[in-house]
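Enquirer: Letter by letter, the chains look like this.
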Amino acid sequence: MQKQLLTVENLTVEYWARRGKVRAVDNVSFSLGKTETLGVVGESGSGKSTLGLSLIRLVPPPGRIVNGHVWLEGIDLLKLREDEMRKVRGRKISFIFQDPMTSLNPVKKIGEHFVELIRTHEPKISDEEALQRAEKLLEDVGIQPERINDYPHQLSGGMRQRIMIALAIVLNPCIVIADEPTTALDVIVQAKILDLLKDVQNKYAMTLILITHDLSIAMERCDKILVMYAGHMVEHAYIKDIYRNPQHPYTQGLLRSIPNIELAEQKLEAIPGSPPDLLNLPKGCRFWPRCSSAMEICRKTEPKLIETEPGHFVRCFLYGDAKK
Amino acid sequence: MSKTEIVKVENLKKYFPVEKSFLEKLLTRTRSFVRAVDGVTFSVRKGEFFTLAGESGCGKTTTGKLVLKLIPPTSGKVFFKDQEITKLRPEELRLLRRKMQIIFQDPYASFNPRMRIGDAVGHPLEIHGLASGAEKRKRVLAMLERVGLTPPEQFIELYPHQLSGGQRQRAAMARSLILEPEFIVADEPVSMIDVSLRTTIIDLMLDLKRELQLTYLFITHDLAVAKYISDRIAVMYLGKIVEMGDKEEIFSNPMHPYTQALLSAIPVPNPQRKREPIKLGGEVPSAIKIPTGCCFHPRCPFKKEICTEEEPELIPTAADHFVACNLIK
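If you read the sequences in order, they're chains A and B.
For the first sequence, the residue numbers in my numbering are 1 to 324.
For the second sequence, the residue numbers in my numbering are 325 to 653.
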């Protein structure tokens, strides 16, 4: 097996709500190599954002990581002290949030965002040097360096997201997690931002985790995919394998329900029902009430994640020994 | 107006004045306007799914509201069947509203949180004095059942917050269909709904269209959905229609550089697809300072001198295909 950069084992995150305990991320395991791109796909409430946040230990309370390991270059991030973890954030793993409007400080100039970030991690660097570095990076992300003196409100949504990308890579991290980086943007700007992410990833040899609800984007732009459903990872594989042979009925259903403009004639098929309430999960497999291939066993027992072909994991009784 | 057309829009404009401070008003005489809709002409044929597509700020939602006269136009005309609705008095307009309804984008904001679903869906019947009491209840139950909110006896008692986004959008459809309209403006009805539920709503819209002989004006930013659902598409940019025509024509033979860029930017669930990088420079300019000539010229990769001076007209290039571009004559 090739050496993995990031290995996540049995990661479990819980939220304590008034009505009870919610497992937003339940026993998720995967690993990623250097410069790979992973697409994390799921609907709202599937736990994809919580999964992203838990990798950098930023799950907001009342959320808590209750179990698991996040190994980065041999170090378990979940065992680090908070001050050690702060050194990892930004420098090893950085995060791009969905909404660039609320992620930038409205009363600070663009340049100040960079100076603050650089000087927090590298206090010896002078303001001037930090600003020079920022200007160079702005050019990389396609923004005129003069914009360094602008305030966030003077920039468009797409430009703000470019600034967020520049901020995410300024300390040269090995992993960038982007949580729905283009959801608030129009389709042309979206394509340009995704192109930019790819360019930056190639230039700085980074690993990218792209969290998105848009399966088309993941299929088009990623090497691997991880499909989340109601807190479970239901399928995880290389994109080429998912494209050729999607295995989980949920993944199959998603692929059949998204319009594809390349196809001349297409009949979309809906997945019946709606995602379950996490406080009131069905017994057995979480997807069975919506699954057309549901069997007796699916209503009783929770399926385990199994490897059906090299690197292709699926959580479904239709595969492996359970199929009788 | 020909028999097949149900709605016709002629040179419709909506300018919103830009608010100025007292001091600015004293210092400058000129008033500036946001030209949200800037001279739009199209017609919707009976029984078709006509789509207005474009990015945010292109004026598609404003056009939808103007067509129903939910806001008054700055100039231009809107016809529904043979009536010019832009000229109607409020009472006459109210009668016509039974025939023209709207479904809004945000199913969370379009319901009164203190009104039960049954009351909200039955409300239009009361307003128009069509039914009340047991008759109203019967029709509400039937309509809820029809849009898939079953058992309807249960849903009639619920409050909006007890419904999921998809269920709320179904309730919104029930509310607009209960008056048995002929024409529906659907403003991004699926953009806030999760992917796995989106298809069920789209299918429901198509089923109801067939069953009730509805005509839709569908407003969307999602061209993949537009391709699936529409008969004809108009692409808007900065308050103008830049290309319009039969869906197959638009997707197989896009002529306007903006339509081409828009189509090439749509993500496709195919890992083997080789994507061309987007060549379009810059971003959409402000609708307060619309560029001279062709409004698209500052971003157009094929711009010629004429484009900065002359505003192109929407001209036919094939049967049911219109383009507004100076380079296509």
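Keep in mind that the hints were calculated from the coordinates and are not lab data.
In this text, all values refer to a predicted model and were calculated from it rather than measured experimentally.
Glycine included, each C-beta is placed from N, C-alpha and C at the ideal position.
There's no promise every hint is true.
FRET-style restraints, in silico, Cβ to Cβ [as the list claims (entries may be wrong)]:
hint, chain 1, residue 1, chain 2, residue 2, range
1, B, 641, A, 264, 40 to 46 Å
2, B, 537, A, 204, 54 to 60 Å
3, A, 153, B, 632, 26 to 32 Å
Enquirer: Is the distance from the Cβ of residue 153/A to the Cβ of residue 632/B consistent with 26 to 32 Å?
Expert: holds (30 Å)
Enquirer: Holds or violated: 54 to 60 Å for the Cβ distance of residue 537/B and residue 204/A?
Expert: holds (58 Å)
Enquirer: Confirm or reject the claim that residue 641/B and residue 264/A have a C-beta distance inside 40 to 46 Å.
Expert: violated (22 Å)
Hint 1 alone, counting from the list given before, is not met by this structure.
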